[in-house]
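*Asks:* Spelled out, the chains give:
There are 2 protein chains.
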Amino acid sequence: MITSIKRILIGRPLKSTELGEQKLNKTKALAILSSDALSSVAYGPEQVLIVLLTVGAAAFWYSIPIAVGVLALLTALIFSYRQIIFAYPHGGGAYVVSKENLGKHAGLVAGASLLVDYILTVAVSVSAGTDAITSAFPSLHPYNVPIAVVFVLFITTLNLRGVTESASILAYPVYLFVLAILALIATGVYKVATGQVSPDLHASIGTPVAGIGLFLLLKAFASGSSALTGVEAISNAIPNFKSPAPNNASKTLLAMGALLAILFSGIVFLAYYYGISPRPEVTVVSDIAEDVFGRNGVYYFIQGTTALILILAANTGYSAFPLLAVNLAKDKYIPRMFTVRGDRLGYSNGILMLGLLSIVLIVGFGGKTEHLIPLYAVGVFIPFTLSQTGMMVKWFREKPKGWKSKFIINTIGACISFIVCIVFFLTKFGQVWPVLIFLPVIIWLFVRIHAHYEAVADQLRTTTCEPSMPIEGNVIIVPVAGITHVVENSLNYAKSLHADQIIAVHIPFERDEEAAFEQKWQKWQPDIRLVTLHSPYRSLVYPLTKFIDTVQRKASESHYQVTVVIPQFIPKKAWHHILHNQSSLLLRAHLLYRRDVIITTVPYHLKK
Amino acid sequence: MITSIKRILIGRPLKSTELGEQKLNKTKALAILSSDALSSVAYGPEQVLIVLLTVGAAAFWYSIPIAVGVLALLTALIFSYRQIIFAYPHGGGAYVVSKENLGKHAGLVAGASLLVDYILTVAVSVSAGTDAITSAFPSLHPYNVPIAVVFVLFITTLNLRGVTESASILAYPVYLFVLAILALIATGVYKVATGQVSPDLHASIGTPVAGIGLFLLLKAFASGSSALTGVEAISNAIPNFKSPAPNNASKTLLAMGALLAILFSGIVFLAYYYGISPRPEVTVVSDIAEDVFGRNGVYYFIQGTTALILILAANTGYSAFPLLAVNLAKDKYIPRMFTVRGDRLGYSNGILMLGLLSIVLIVGFGGKTEHLIPLYAVGVFIPFTLSQTGMMVKWFREKPKGWKSKFIINTIGACISFIVCIVFFLTKFGQVWPVLIFLPVIIWLFVRIHAHYEAVADQLRTTTCEPSMPIEGNVIIVPVAGITHVVENSLNYAKSLHADQIIAVHIPFERDEEAAFEQKWQKWQPDIRLVTLHSPYRSLVYPLTKFIDTVQRKASESHYQVTVVIPQFIPKKAWHHILHNQSSLLLRAHLLYRRDVIITTVPYHLKK
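For the record, the sequence lines run as chains A and B.
For the first sequence, position 85 matches number 85 in our numbering, and the numbering has no gaps at all.
For the second sequence, position 99 matches number 99 in our numbering, and the numbering has no gaps at all.
One chain only, chain A, in its complex shape (with noise of 0.2 Å):
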């Protein structure tokens, strides 16, 4: 019954040669892949104005400036990814870069921030996407919690299904939204040129304003910067490419990066030309499409858009996070599940794990994740400015031809990220703080798990660790609860191995029992010798335990293997399990795991 759900959710398992048929065209990239690059753009702008309203309206000019030098960022960051999609075509991004020309704890720095940022990026947007909806529809604003749980459970089984499937179905909101916005800049500069909006709305730009700082520009910057936050994902998810990958991964990083820049920048000026100031109730994208339209069909139209684009940008943290933790699971940092791929091809646990830790993270703030935005933004600029930097090394080292140029694009970009991680450290240190404890605490983790997997290759190899001893002969203890056709089984099958001693075991709780039940073995089993261990704190373990260790002391010394034989019966219906002691399970797993002993389990089937 559970497959047949898996099934209806999922759908038929994928044989691994039909990985080629899972991988993206350009189109369908572009959509899953920039959705919460693009999603910003609903934030972004007013971020900065928000930062800018602190010293007044007359300020709002400045988010002209401010966005020209998003801008620059932005290209910055695009050519630099550009150029690590090339050098490192088989995705891993930030990670892959940092760790080659770093080291490795740089590597792992970018690795955890990464991981720990997808899973914000997934608790973010869902959560603001359901706050979108049910601010349209406030009855439902009780049930915010469900509601953003159940998108998540949704985006996780499109991703279980995989990645062309969710594809072809999220593409279509993603393009919604881009034309929604295309729409709204178009109208609203034609509207500008015409002269259709008053020029006395908004302050000339250069007006002097009191109270202005370098530190307040600083953290208006910082805060339009997080809309640049997911231009990192393209090359994490090279994998995911039509071939030739790193060809159509650099393409659609382009497009993403034109995109990017024109919403961002449309949006900006016409807040910045229709006057707009921030208010809590509405959105300033809002506010604009109202003044630009009118509260007709087109306005709804963008509202609508940019609400599941919110949920959308999710996916993106779909498309990274398994392909990152593949990476990091091959070079054993994290366990070794993350490389398996499941069903239809995706690495599934990789899908499952994220699903589940943005739940945790929505449910545990109660669907409020608002302040976790900085210590997500901060999250994506320390692997920004860490991949720039290994770049930069790598040009400098290996001096390909035209290195300079390439260089010094990487060197722009590295040096931006960094100002603007440490302009986050500095204006918003009480919501990023937790970057310092959790960072440290993850790596130290990763290095833990490494340090395992390392031990545990190295017990295993054949050629490292001592020659098993050879096996000169056997002897087998069969614990037997009473006369029954099940001890009978286990028996008869400890007899056909050729054991060189087989000694049954009966653990009665009391000293009456102990006589009848050895005279009743005498006539049943003459051939066999029976141990009774009186136990007279009702203990199976601890006697049995204690006998098999005298048994083994004395075994060991000739090389011989003591085998547990446990004859067990299965009931016929899972819930029949309760009805029965479960001492052979308890009994198994004590000796496994405590003693050195081979365990043979002899099922008997029941039939009714």
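To be clear, the hints were calculated from the coordinates, so they are not data collected in a lab.
Hints may be right or wrong, so weigh each one.
SDA-like, lysine to any residue: derived pairs with alpha carbons at most 25 Å apart [stated by the list, open to error]:
{"hint": "1", "chain 1": "A", "residue 1": "15", "chain 2": "B", "residue 2": "571"}
{"hint": "2", "chain 1": "A", "residue 1": "573", "chain 2": "B", "residue 2": "455"}
{"hint": "3", "chain 1": "A", "residue 1": "573", "chain 2": "B", "residue 2": "444"}
{"hint": "4", "chain 1": "A", "residue 1": "573", "chain 2": "B", "residue 2": "23"}
{"hint": "5", "chain 1": "B", "residue 1": "546", "chain 2": "A", "residue 2": "1"}
{"hint": "6", "chain 1": "A", "residue 1": "332", "chain 2": "B", "residue 2": "459"}
{"hint": "7", "chain 1": "B", "residue 1": "608", "chain 2": "A", "residue 2": "459"}
{"hint": "8", "chain 1": "B", "residue 1": "572", "chain 2": "A", "residue 2": "442"}
{"hint": "9", "chain 1": "A", "residue 1": "520", "chain 2": "B", "residue 2": "581"}
{"hint": "10", "chain 1": "B", "residue 1": "15", "chain 2": "A", "residue 2": "530"}
{"hint": "11", "chain 1": "B", "residue 1": "330", "chain 2": "A", "residue 2": "559"}
{"hint": "12", "chain 1": "A", "residue 1": "554", "chain 2": "B", "residue 2": "606"}
{"hint": "13", "chain 1": "B", "residue 1": "607", "chain 2": "A", "residue 2": "552"}
{"hint": "14", "chain 1": "A", "residue 1": "330", "chain 2": "B", "residue 2": "540"}
{"hint": "15", "chain 1": "A", "residue 1": "495", "chain 2": "B", "residue 2": "461"}
{"hint": "16", "chain 1": "A", "residue 1": "330", "chain 2": "B", "residue 2": "554"}
{"hint": "17", "chain 1": "A", "residue 1": "6", "chain 2": "B", "residue 2": "593"}
{"hint": "18", "chain 1": "B", "residue 1": "242", "chain 2": "A", "residue 2": "511"}
{"hint": "19", "chain 1": "B", "residue 1": "495", "chain 2": "A", "residue 2": "195"}
{"hint": "20", "chain 1": "B", "residue 1": "546", "chain 2": "A", "residue 2": "574"}
{"hint": "21", "chain 1": "B", "residue 1": "572", "chain 2": "A", "residue 2": "454"}
{"hint": "22", "chain 1": "B", "residue 1": "546", "chain 2": "A", "residue 2": "500"}
{"hint": "23", "chain 1": "B", "residue 1": "573", "chain 2": "A", "residue 2": "589"}
{"hint": "24", "chain 1": "B", "residue 1": "546", "chain 2": "A", "residue 2": "342"}
{"hint": "25", "chain 1": "A", "residue 1": "495", "chain 2": "B", "residue 2": "492"}
{"hint": "26", "chain 1": "B", "residue 1": "608", "chain 2": "A", "residue 2": "444"}
{"hint": "27", "chain 1": "B", "residue 1": "495", "chain 2": "A", "residue 2": "559"}
{"hint": "28", "chain 1": "B", "residue 1": "23", "chain 2": "A", "residue 2": "511"}
{"hint": "29", "chain 1": "A", "residue 1": "607", "chain 2": "B", "residue 2": "553"}
{"hint": "30", "chain 1": "B", "residue 1": "573", "chain 2": "A", "residue 2": "498"}
{"hint": "31", "chain 1": "B", "residue 1": "23", "chain 2": "A", "residue 2": "536"}
{"hint": "32", "chain 1": "A", "residue 1": "330", "chain 2": "B", "residue 2": "593"}
{"hint": "33", "chain 1": "B", "residue 1": "554", "chain 2": "A", "residue 2": "498"}
{"hint": "34", "chain 1": "B", "residue 1": "15", "chain 2": "A", "residue 2": "511"}
{"hint": "35", "chain 1": "B", "residue 1": "6", "chain 2": "A", "residue 2": "534"}
What the simulated footprint calls covered on chain A by chain B, stretch by stretch (three residues with Cβ under 8 Å from a Cβ of chain B suffice, anywhere in the stretch; the number is not a length) [said to hold, decoys possible]:
{"hint": "36", "segment": "12-20"}
{"hint": "37", "segment": "559-571"}
Simulated coverage check for chain A against chain B, where a stretch passes if three residues somewhere in it have a Cβ under 8 Å from a Cβ of chain B [claimed, not checked]:
{"hint": "38", "segment": "412-424"}
{"hint": "39", "segment": "444-457"}
Beta carbons: idealized from backbone N, C-alpha and C, even for Gly.
Knowing the structure of chain A, use the given hints to seat chain B on it.
*Replies:* Leaving out everything else, chain B in the frame of chain A:
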């Protein structure tokens, strides 16, 4: 670590032979087995007055004849149960009496009612006691549920420590409560006798009241009878008494009956004479205490001991439930685990289950368990009726010397109990109907469980089932994941068993791994046949199961037994488990439950 926490909570384990020291003397037994019955004095009289109040305060004088009726019923029940104690000295009470004299199904009805009833006792009395405490300290009111849960955990732990230890601790508050109420009654009656109380406070007995009818009086009588819940507990718990158990139990029962009669009639009389009218926020006992003593230390002492006795009433459930469960489990109607004595010789599974289920009830009803009281009362009067009827049948069948007077006592008991039952159904059907659903469901479960145990016994008995097939030879299958030390160990073991055939099975997910592995194998283990099963869907279980099926089909023709030897490495620390794909466990579980093969696990304990 878990073991040492357990030791601190419940103490060192006891030997089976120390059972004798775990028996109760009469003083302690009276305390823990009568707390339920005695605690009803705190609310029983009030219930009568609440019903009478619906006609008017003038009807309060009817509480006197109703109390006489309740006392008559109490007398009949005490003498009936006294006869049951001597007739069935091994305990079991209503369940055993009904089963032996009225047949299996009557026994199951009585047993099911009582089991549910003890759970309700615990939930209702702990909730009521918690309410009494939080009424005194209103700031604690929001924490009603957690406080109640802590009380249940406390009483559960105390009972896990053993019946004598819990009795030693719990006897004090019970006797203090008895003392407090006796002092109240004595002082109150003294004041009445010395004329310090105005006789105008109450309508005199016989005053005609408009609107009073038989139905209302019956309802008041039934409500008053809820004070009798718990009188059956002693008959269930005879095995807990010091020998001669039946004599001691009978004397304890008489003492309890006498105490209950005095306390109940005293409170009813004082409430009538002082003209107390039940009010929602103050209990009748509290009103009487205030009238008699004023609000001084004695008043608070009475209030405090009343709150305590309500909570300790739960302990009666803990004494009776596990012993009833043992009887049902011995007859194979509930899981066998209820017959197992824990470290402290109590039936710990019964104690834990009772604690767990009452916590579920308390949490499920948010601590508001008052409307479970009628359910709980009717759940007691069903087994009362059945056990008295059973005794009637017994005397009539066996006709021992002097049987007629015994027959009459039980007949009176049976008739009154039956009437109370009917009255409950007629007057409180809205609260009592769930009994009609859950009793049949529980009995159906009992019957299903019984059928399963019978079927299992039948299949395990060596005499009734077909003899085991002889094993003519062995085929061993070893799934191998790679060329490692763990696999080497498993192969060495397989070789030592002198099997007729050993087959190593490798399951690659990629075609190109296949040839390489086969080559390496040829060099490493040329003597052992390797079968490679390519798994295009990346499943281990499916191809292996199919292969085993093929081998098994061939093997069974010549009576060969198939054994799957699974190499498994055991990590040193528990957290390491999540770092490894649990393929061995998965494989084992699947094969053990789905296929008829023997599973051998060869552990390899990692040292780092």
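*Asks:* Work down the list of hints and note, for each, if the structure agrees.
*Replies:* We went through each hint and held it up to the structure:
1. Our distance criterion of 25 Å between C-alpha atoms is broken by residue 15 of chain A and residue 571 of chain B, whose separation comes to about 32 Å.
2. With a C-alpha separation of about 13 Å, the suggested pair residue 573 of chain A and residue 455 of chain B falls inside the 25 Å cut-off, and the hint holds.
3. As the CA atoms of residue 573 of chain A and residue 444 of chain B are separated by approximately 17 Å, the hinted pair is consistent with the 25 Å bound.
4. Between residue 573 of chain A and residue 23 of chain B the CA atoms are separated by roughly 40 Å; this puts the pair beyond 25 Å, and the hint is violated.
5. Among the hinted pairs, residue 546 of chain B with residue 1 of chain A is consistent with the structure: their alpha-carbon atoms are about 20 Å apart, no more than 25 Å.
6. Between residue 332 of chain A and residue 459 of chain B the CA atoms are separated by roughly 50 Å; this puts the pair beyond 25 Å, and the hint is violated.
7. Restraint check for residue 608 of chain B and residue 459 of chain A: satisfied, since their Cα atoms lie roughly 8 Å apart, inside the 25 Å limit.
8. Between residue 572 of chain B and residue 442 of chain A the alpha-carbon distance is near 22 Å, which keeps this suggested pair within the 25 Å criterion.
9. A threshold of 25 Å between alpha carbons decides the hint, and for residue 520 of chain A with residue 581 of chain B the separation of about 46 Å lies outside it, so the pair is violated.
10. Straight-line distance between C-alpha atoms of residue 15 of chain B and residue 530 of chain A comes to about 24 Å, which keeps the hinted pair within the 25 Å bound.
11. At roughly 46 Å between alpha-carbon atoms, residue 330 of chain B and residue 559 of chain A are farther apart than 25 Å, so this suggested pair is violated.
12. The straight-line distance between the Cα atoms of residue 554 of chain A and residue 606 of chain B is roughly 23 Å, inside the 25 Å bound, and the hint therefore holds.
13. At most 25 Å may separate the alpha-carbon atoms for a hinted pair to count; residue 607 of chain B and residue 552 of chain A meet this at roughly 19 Å.
14. With a C-alpha separation of about 21 Å, the suggested pairing of residue 330 of chain A with residue 540 of chain B holds against the 25 Å cut-off.
15. Simply put, residue 495 of chain A and residue 461 of chain B have alpha-carbon atoms about 21 Å apart, close enough for the 25 Å limit, and the pair holds.
16. The hinted pair formed by residue 330 of chain A and residue 554 of chain B fails the criterion: a straight-line CA distance of about 41 Å is larger than 25 Å.
17. Simply put, residue 6 of chain A and residue 593 of chain B have alpha-carbon atoms about 21 Å apart, close enough for the 25 Å limit, and the pair holds.
18. A threshold of 25 Å between alpha carbons decides the hint, and for residue 242 of chain B with residue 511 of chain A the separation of about 22 Å falls inside it, so the pair holds.
19. Simply put, residue 495 of chain B and residue 195 of chain A have alpha-carbon atoms about 93 Å apart, too far for the 25 Å limit, and the pair is violated.
20. With a C-alpha separation of about 23 Å, the suggested pairing of residue 546 of chain B with residue 574 of chain A holds against the 25 Å cut-off.
21. A distance of roughly 14 Å separates the Cα atoms of residue 572 of chain B and residue 454 of chain A; the hinted pair therefore holds under the 25 Å criterion.
22. Of the pairs offered as hints, the one joining residue 546 of chain B and residue 500 of chain A is violated, with about 34 Å between alpha carbons and a cut-off of 25 Å exceeded.
23. Distance hint between residue 573 of chain B and residue 589 of chain A is fulfilled; the C-alpha atoms sit about 15 Å from each other, no more than 25 Å.
24. A hinted pair counts as satisfied when its Cα atoms are at most 25 Å apart, and residue 546 of chain B with residue 342 of chain A qualifies at roughly 21 Å.
25. Proposed proximity of residue 495 of chain A and residue 492 of chain B is supported: the alpha carbons are some 20 Å apart, at most 25 Å.
26. Note on residue 608 of chain B and residue 444 of chain A: the hinted pairing holds, with a Cα-Cα distance of about 18 Å set against a maximum of 25 Å.
27. Pair hint residue 495 of chain B plus residue 559 of chain A holds up; C-alpha atoms about 14 Å apart against a cutoff of 25 Å.
28. Only pairs whose Cα atoms come within 25 Å are accepted, and residue 23 of chain B paired with residue 511 of chain A is accepted, the gap being roughly 21 Å.
29. As the CA atoms of residue 607 of chain A and residue 553 of chain B are separated by approximately 20 Å, the hinted pair is consistent with the 25 Å bound.
30. Restraint check for residue 573 of chain B and residue 498 of chain A: the C-alpha separation of about 36 Å exceeds 25 Å, so the hint is violated.
31. Between residue 23 of chain B and residue 536 of chain A the CA atoms are separated by roughly 19 Å; this keeps the pair inside 25 Å, and the hint holds.
32. Distance check on the hinted pair: residue 330 of chain A and residue 593 of chain B sit about 34 Å apart at the alpha-carbon level, beyond 25 Å; violated.
33. A threshold of 25 Å between alpha carbons decides the hint, and for residue 554 of chain B with residue 498 of chain A the separation of about 22 Å falls inside it, so the pair holds.
34. Simply put, residue 15 of chain B and residue 511 of chain A have alpha-carbon atoms about 12 Å apart, close enough for the 25 Å limit, and the pair holds.
35. Distance hint between residue 6 of chain B and residue 534 of chain A is fulfilled; the C-alpha atoms sit about 24 Å from each other, no more than 25 Å.
36. Using a Cβ-Cβ cut-off of 8 Å, 5 residues of the segment 12-20 of chain A lie near chain B, which meets the minimum of three, so the contact claim holds.
37. Counting residues of the segment 559-571 of chain A whose CB lies closer than 8 Å to any CB of chain B gives 6, which reaches the minimum of 3, so the coverage claim holds.
38. Note: the segment 412-424 of chain A has 0 residues with beta-carbon separation from chain B under 8 Å; the three-residue rule is not met and the coverage is violated.
39. Only residues whose beta carbon comes within less than 8 Å of a beta carbon in chain B count, and the segment 444-457 of chain A has 5; three or more means the coverage holds.
When held up to the earlier numbered hints, the structure conflicts with 1, 4, 6, 9, 11, 16, 19, 22, 30, 32, 38 and fits the remainder.
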